[in-house]
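Peer 1: The chain contents come next:
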Amino acid sequence: MSQKPEGWKDLTMAGIITEAGNAEKFETGSWRSDRPIWDESKCTSCLICWIYCPDSSIVLKDGKMVGIDLEHCKGCGICAAECPVKGKAIHMKPESECEL
Amino acid sequence: MKVLGLTGNEAVAEAMRQLNPDVCAAYPITPQTELMEKFSSFVSDGKVKTELVLAESEHSAMSACIGASCAGGRVMTATSANGLALMWEMLYIAASYRCPIVMGVVNRALSGPINIHCDHSDSMGARDAGWIHIFSENSQEAYDNAVQAVKIAEHPDVLLPVMVMLDGFITSHTLERVEILDDEVVSRFVGEYVPKYSLLRSERPMTFGPLDFHDYYFEHKRIQFEAMEKAKPVVRDVSKEFEKLTGRPFDFLEAYRMEDAEIGVIALGSTVGTARGVVDELREQGKKVGLIKLRVFRPFPVKEIAQLAKNLKALAVMDRSNSFGAFGGPVFGETCAACYGTGLQIPIVNYIYGLGGRDTTFEEIRGLYGEIETVAREGKQIDNVRFLNVRE
Chain A
0 MSQKPEGWKD LTMAGIITEA GNAEKFETGS WRSDRPIWDE SKCTSCLICW
50 IYCPDSSIVL KDGKMVGIDL EHCKGCGICA AECPVKGKAI HMKPESECEL
Chain B
0 MKVLGLTGNE AVAEAMRQLN PDVCAAYPIT PQTELMEKFS SFVSDGKVKT
50 ELVLAESEHS AMSACIGASC AGGRVMTATS ANGLALMWEM LYIAASYRCP
100 IVMGVVNRAL SGPINIHCDH SDSMGARDAG WIHIFSENSQ EAYDNAVQAV
150 KIAEHPDVLL PVMVMLDGFI TSHTLERVEI LDDEVVSRFV GEYVPKYSLL
200 RSERPMTFGP LDFHDYYFEH KRIQFEAMEK AKPVVRDVSK EFEKLTGRPF
250 DFLEAYRMED AEIGVIALGS TVGTARGVVD ELREQGKKVG LIKLRVFRPF
300 PVKEIAQLAK NLKALAVMDR SNSFGAFGGP VFGETCAACY GTGLQIPIVN
350 YIYGLGGRDT TFEEIRGLYG EIETVAREGK QIDNVRFLNV RE
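In order, the protein sequences belong to chains A and B. Under numbering that gives the first Met the number 0, the first residue of the first sequence carries the number 0, and numbering increases by one thereafter. Under numbering that gives the first Met the number 0, the first residue of the second sequence carries the number 0, and numbering increases by one thereafter.
Treat the hints with care, since some could be wrong.
What the hints assert, rightly or not - Calculated lysine-lysine pairs in the DSS-like style (CA-CA distance at most 25 Å, straight line):
no., chain 1, residue 1, chain 2, residue 2
1, A, 85, A, 63
2, B, 239, B, 220
3, B, 220, A, 24
4, A, 8, B, 220
5, A, 87, A, 60
6, B, 229, A, 8
7, B, 229, B, 302
8, A, 8, B, 195
9, B, 231, A, 8
10, A, 3, B, 220
11, A, 92, A, 41
Unchecked claim - DEER-style ranges, computed between Cβ atoms:
no., chain 1, residue 1, chain 2, residue 2, range
12, B, 380, A, 17, 58 to 66 Å
13, B, 204, A, 8, 24 to 32 Å
14, A, 17, B, 253, 17 to 25 Å
15, A, 9, B, 70, 50 to 58 Å
16, B, 201, A, 53, 20 to 28 Å
17, A, 46, B, 201, 49 to 57 Å
18, A, 17, B, 336, 36 to 44 Å
19, B, 155, A, 24, 22 to 30 Å
20, A, 9, B, 203, 13 to 21 Å
If you're looking for bench data, these hints aren't it; they were derived computationally from the structure. Predicted model only: the values in this text are computed from it and were never measured. Ideal Cβ placement from N, Cα and C applies to all residues, glycine included.
Whole structure, please, built from the sequences with the hints as guidance.
Peer 2: Okay, structure coming up:
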């Protein structure tokens, strides 16, 4: 998104998006008012959060939870609410209290 | 080719049978009802392969048409008056999604007070929705325009929806002699629709109608504007090609006995037929009068109108609708704008006429020519906007 946007002659008519899944390129994390904070030491990688995340913001590597994609996470808090670990491996913190 | 006795509604239904749309979603409204009734019998009898969707409202009908068109189908429908008004927001969406939907609009007055008869307030109200507007003088032309509309709409440079207008009751319910082309000739003329983009191509998934904010919306509207510009040569080419096929002349407009005319009148729809008769009568009396039949209202033939007005001493513009608070009716406003900047200094007078189906006869149009002739000859000052045949 950093380069100069295209002129009308270079765009597809009607704003039709011909590339599947390109929402990944569009940053939507800035809408968030609460940020999920992940505690790796408590996480069991049960992947309940990955199942429930309405976006695709739970990042996995080799089937294990490795972090949260804050470029796309909108801070809905479902992951924190659904986390079955006692004492919660994910909790929500207001963005105003988070470091940028 | 065969000759049939058809009403305007039946003539458009006959064109639809030959055009064989993939999807037709519609809702009945007078005076369009007979058109869809006739077409639905073609569907029931297996004469077409159309998926006919009987929607619960015109808003839903147009929505279904848009979905089917985005999916890559040839789509047609028809409506009138308040039905068209109920489609309003979807009309803009059809045009901006670049859906080449063809819709018969059987012109009828908008309520209120409630009226089911002809005037052009319905389609004129939708004149900025981004559709191509083609008016028909009679049943023959309603058929001819419907066939051409599909080829214009589906042209890869255009991909815009087209409304084909015919006057409610006057044309829609009057039996006339109509020449119908052979089915194969129509199929060959329009060809197969190959959509540029299609929702149903599963190997290449796409998104239609995404959110489009201040950063891109304006550019997409600029592309849409360009499509309407590109429609101009396409309308002309398709008209000429159809002319070759049928021997009937087609263009943006028809200049009737305008060669040496000093007095001109612009009209559209069925009134042209009446005015044509008046012109013949006045010509026999040696009066230099002519008639400009406006067939394509969108895109508006700006240069052509200005060119024809150039040698006139006075011009009258007939509007079968009003634009309240504006300087006259829509055709008048467009005509004045077209003449602006050409150095033309002739009186242009607007006649609002025929609202709610008020009959407009030889006598009224004769009076109109008489009045405009006096304006030209004596330089008589009259109101720019006049009402024809309204009781004082």
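Peer 1: Check each numbered hint from earlier against the structure, then list the numbers of those it violates in ascending order.
Peer 2: Per hint list: 2, 14, 15 and 17 violated.
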